[in-house]
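Trainee: Each chain, written out:
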Amino acid sequence: DAKTTQPPSMDCAEGRAANLPCNHSTISGNEYVYWYRQIHSQGPQYIIHGLKNNETNEMASLIITEDRKSSTLILPHATLRDTAVYYCIVILNYGGSQGNLIFGKGTKLSVKP
Amino acid sequence: DTGVSQNPRHKITKRGQNVTFRCDPISEHNRLYWYRQTLGQGPEFLTYFQNEAQLEKSRLLSDRFSAERPKGSFSTLEIQRTEQGDSAMYLCASRPQGRPYNEQFFGPGTRLTVL
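Chains as they are written, first to last, in my numbering: chain A, 1 to 113; chain B, 114 to 228.
Just so you know, the hints here were simulated from the structure itself, not pulled from any lab data. Fair warning: there could be bad hints in the mix.
In the SDA-like style, the derived pairs of lysine to any residue whose C-alpha atoms are separated by at most 20 Å in a straight line are [to be verified]:
no.: 1; chain 1: B; residue 1: Lys124; chain 2: B; residue 2: Ser179
no.: 2; chain 1: B; residue 1: Lys170; chain 2: A; residue 2: Asn100
no.: 3; chain 1: A; residue 1: Lys105; chain 2: B; residue 2: Met202
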């Protein structure tokens, strides 16, 4: 079973920041938080990952709480193309891990004009 | 385009028929995964290859399912005696050795409809 809890759906106005929450209260000390998204009729796409520090890349920012029990994915200026299902995944992150991703149902983000 | 490719993109078959899907990973990726996704659900892991070795199979992979990756390049997923419950999107993903260990590159999927 997925180790994360996400709201089933969210709306965001185009051009505004989209803040997608994820609860992972049972995360262990060596597990990372990964985010993927899946645009309709496409395969999932990696967005970002982190352990305990906040992370930023060209797609998004990831804010992880100090106790690591929750995180927020931030899309700073959402566009219509960001409409997708966003998955938060908790997983070990080392070379010996086979890395089978366990997806929940994710959050369906609808960006509206 | 040097991404993961899957063929066919769509397959309609009658119950009881056998089907085979193909996945061509990104060329330098030695790890390959198959997932299944039903409507409204996230993808579910089916099986994993490291090079040509199949290292893990989910309990979802019944004995009607078989996957191969000859020579550690492309992979095939075969479903024998298809059932209506096999209707789903079948996704393939690959990743290279090394960091980040869980950044997988997904193909567009093969949508299977069993009538």
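Trainee: Compare the structure with each hint and give your call.
Mentor: Results of checking the hints against the structure:
For the hint pairing Lys124(B) with Ser179(B), the CA-to-CA distance comes to about 17 Å; that is within 20 Å, so the pair holds. A hinted pair counts as satisfied when its Cα atoms are at most 20 Å apart, and Lys170(B) with Asn100(A) qualifies at roughly 10 Å. Using a Cα cut-off of 20 Å, the hinted pair Lys105(A) and Met202(B) holds, with the two alpha carbons roughly 15 Å apart.
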